[in-house]
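J.: Residue numbers (the numbering used here), protein chains in the order written: chain E, 1 to 264; chain D, 1 to 358; chain U, 1 to 327.
Each hint should be verified, as a subset may be incorrect.
[Said to hold, decoys possible] Here are a few chain E residues that face chain D, going by a calculated C-beta distance under 10 Å: (1) T64; (2) G74; (3) K75; (4) P78; (5) P82; (6) M110; (7) I115; (8) L121.
[Unchecked claim] Residues of chain E placed beyond 10 Å of chain D at every Cβ, according to the derived structure: (9) S33; (10) E67; (11) I85; (12) L99; (13) E134; (14) T136; (15) G191; (16) C201; (17) D252.
[Stated by the list, open to error] Pairs of lysine-lysine, DSS-like flavour, derived with a Cα cap of 27 Å: (18) E/K130 - D/K10; (19) D/K93 - E/K156; (20) E/K75 - E/K144; (21) D/K26 - E/K130; (22) D/K129 - E/K81; (23) E/K81 - E/K118.
No lab work stands behind these hints: they were computed from the structure. We put the CB at the ideal spot given by N, CA and C, even for glycine.
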Amino acid sequence: MEQVELANKNDIVMDIVNVTLRFGGVKALSHVSFNIKRGEIRAIIGPNGAGKSSMLNVINGFYTPQEGEIWFEGKRRPRLKPHQIAYQRIARTFQNIALFEGMTVLDNMMTGRMIYMKSGLLSQLAWWGKAEREETENRLVVEKIIDFLEIQAIRKTPVGVLPYGLQKRVELGRALAAEPLLLLLDEPMAGMNNEEKEDMCRFILDVNEELGTTIALIEHDMGVVMDLADRVVVIDHGEKIADGQPDEVRNDQNVIDAYLGVSH
Amino acid sequence: MFYREVGEFKTSYPHDSGSFSIRLDKYGYYFILFIAFVVIPLMINDYWASAVLVPFLVWAIASLGLNILTGHCGQISLGTGGFMAVGAYSCYKLMTSFPDLNVIFCIILSGLITAGVGILFGIPSLRIKGFYLAVATLASQFFLVWLFNRFPWFYNYSASGQISTPERSVFGILVTGPNVDPWAQYMICLLFAFGLAWGCRNLTRGSLGRKWMATRDMDIAAEIIGVNLLHAKLSAFAISSFYIGIAGALFFSVYLGAVEATEAFGINQSFLVLFMIIIGGLGSILGSFIGAAFMVLFPVLLKNILVGWWEWDAAIATHLEFISVGILIIVFLIFEPHGLAQLWRLLKQKLRLWPYPH
Amino acid sequence: MQTLLFALEVSINGFMTGILYALVALGFVLIFKASGVFNYAQGVMVLFAALTLVGLQQGIVPFEHLINNLLGTSIHGFGWNMPTLLALLLTLLSMLLLAWLVERLILKHLVNQNPVILFMATIGLAYFLEGFGDLMWGADVKKLDIGIPVGISDTVEQATHEWFGYGFFIDRLDITASIVAALLVIGLTIFSQFSKTGRALRAVADDHQAALSVGISLRRIWVIVWSIAGLVALIAGIFWGTKSGVQFSLSLVALKALPVLMLGGLTSIPGAIVGGLLIGVGEKLFDFMIGSMIGGATENWFAYVVALVFLLFRPQGLFGEKIIERV
């Protein structure tokens, strides 16, 4: 029954077909294909320098691959600028936190709702009509996420002064504020202690289960990945070497070789 | 003890995003408005208008403008003088070409023309950042001043190369020209300054302001979140130039009455405004006003003491002014990069907890 | 033919000016490479060096106006002229002292700050130096003469007259300046390529952290580069001061080194030189050919506008390193 549902074309949020990305002569990705299904947590793993971040940047539209196609929500995605891709409701977090340091937590998250804010210059200048209305509407959504992530107390704190773990959480909040169809997480647990990791894991699972958000994440910590992910794709030297359930992947000979450094 | 938010409950989000979170702040604000709109116009005399209050208001508008671009959007500009010149010369051309047009509209239109020029010179900001951009904006400074000097059309072929303002009135009250009353001069500048500061506050707390600040803090992340950098930067250039253009128009028509481009809008004016926002506070509206007040009052004070009381050479007062301003800039950048406005904020923070700081 | 020769003469004169631009630009590049500081005050340092030199040489009492005003005295100079060589030496020493003070009082406190903040601090420094120089030596225009030959070179004029039937007017000062500038560039290149300090300099330019970790003292390096920049400023100040008198506008001319840098790329010494020559020749030729049609005095902005247009197409400059953005 489940198999049949998943086979439905509508349930594939993103399909990456035969993507190749080059920087000058260096191939960062070659002929990588995989898909992301609606409602799942999809992990992309691999050793250092395997091309995981490049993959995320391709999905995100920051890099444009030289070959291959990306299908999003059943449509082939044309070449877009990064800010246009945000309007397709793909949101992300960054490996090295990329918050707006001079702004408060609230403002950071409100910025995450940029794509829903459409009031004109004059309305904003007078703080009247649409500008004020849309500010309140969007504030409601953001406050819900603030509650969800349990960061009510630091709402009006400038993010620059927050500890690392909280900053990561705020960054997740900013991405969630966009109500994404696809959420990309770039090493959400990097540099955290165990407690912070557990918190973050719980938030990721909650986001997935309660909000029903589709998530693709890159992570180093294998233990975390195996617990979190529904399906895992393994990339090494820019090529896909395995794809499947965590258990299958864990026992895949190619994957073991890649991580242990056996030469091919 | 009295300055705190206890007992003030915000029951709606619009209320929470209001400008003054503590009641005392609001009263203080109304008090200052009362002084500015009622008390000062009754007491003002010619010296205070022309030496302190009018230049203060004009420079405050220019600082607001530069602060939008530099403080909020993070783009440095050294072309403020040039943009003020655009405002001044547009105003002059409008006033002399359409004598029936109300001077208020002339000033606003000058702002719009300057905004257009600002967009033009803002285009490089899409490719270059930081001091590269700063140097590129020097191009606008030198080019624009040269333009207004070399093409007699801009100064209506006057023999002196100067532009001087014709007499114009609003509601029957003379506001420009040599015979203007000090309070009228002051009032028109105050109205513009108040309106523009209010607009600036609204812009910077809304989505456009967040767009600018996001661009300033981390442009790549901003872009990925959905900020169109082209739009963010050019809108900052346009609105900033609008403010600076209005400042230039007021500087010429209401404040000085007659100007010559090289003298009135040289590169030193660009630096003056930059210093105002550094000393006042980057990204702060209050800071724009404090900075302008400081940079206007400081030389006046220095001159009054050194030249007026001690009878030193005026040249020495100028040299000491340069020295002190230079030192102040460095000291502020080292110890308080967010300027006097931040000191004020810290003081309020202390006051809020007083007398139980823990 | 006559016009062509005239244009050639204009170009040669522009070339000579360009060398002076390049000299100032070199000071910028040195400091930028070693400390990441975009030193806006370089132009004022040129003025300050020239002022100090003239002041010392002519025996002006430092701060004499201030002292007179403070104490009611009427001091006017020591009444003697200092030997040029001694004055040069003392000026050089004061530039070194300036470098040391800048490191001590400014740079040390702004380590790891946003480069834009540092840039603004150097604008503050420029203001300070301008006021300080004027207060110390007086703001009147001064004539600088340390014995460098000036005036139109007869030899060149006669020689060119014989060859082309058209005598080129070239200032002997410009010829000397070009030779000195060339020597300076060669000297600096040798210094940075072959001496131990030079190697440390290049290491710091490449990667501050890495340089620190192998035991290079950043602060010592900063003092050194600011001292070299002071030396370069002194030399530029001598030639420019001799050419057009020591006065405030000197620092504005020196400001033109900024667009030169944009053109050449912030991190490239050859870039500074090529950029300087291009701007020098370009602005003279532009003013000669097109300037007269649009009101003249285009030299005021030509350099900046060229740099601006150029940056639109090649943001890193002619020789600068390409900027790659990462997430």
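J.: Now, for every hint given, state plainly whether the structure supports it.
T.: Status of the hints after comparison with the structure:
1. T64: violated, 14 Å
2. G74: violated, 22 Å
3. K75: violated, 19 Å
4. P78: With a minimum Cβ separation of about 17 Å from chain D (threshold 10 Å), the hint on E/P78 is violated.
5. P82: holds, 5 Å
6. M110: With Cβ-Cβ at 6 Å, under 10 Å, it holds.
7. I115: holds, 4 Å
8. L121: holds, 7 Å
9. S33: Non-interface label stands for E/S33: nearest chain D Cβ at 24 Å, farther than 10 Å.
10. E67: holds, 23 Å
11. I85: E/I85 is in fact no farther than 10 Å from some Cβ atom of chain D, at 8 Å.
12. L99: violated, 7 Å
13. E134: Violated, since 8 Å does not exceed 10 Å.
14. T136: violated, 5 Å
15. G191: The claim stands: E/G191 keeps its Cβ more than 10 Å from every Cβ of chain D (closest is about 18 Å).
16. C201: Its Cβ never comes within 10 Å of chain D, the nearest being 24 Å, so this holds.
17. D252: The assertion about E/D252 holds, with a minimum of 33 Å to chain D.
18. E/K130 - D/K10: holds, 22 Å
19. D/K93 - E/K156: violated, 48 Å
20. E/K75 - E/K144: The given pair, whose Cα atoms are some 31 Å apart, is violated under the 27 Å limit.
21. D/K26 - E/K130: holds, 25 Å
22. D/K129 - E/K81: This hinted pair holds, its Cα atoms lying about 20 Å apart.
23. E/K81 - E/K118: holds, 19 Å
The earlier numbered hints that this structure contradicts are 1, 2, 3, 4, 11, 12, 13, 14, 19, 20.
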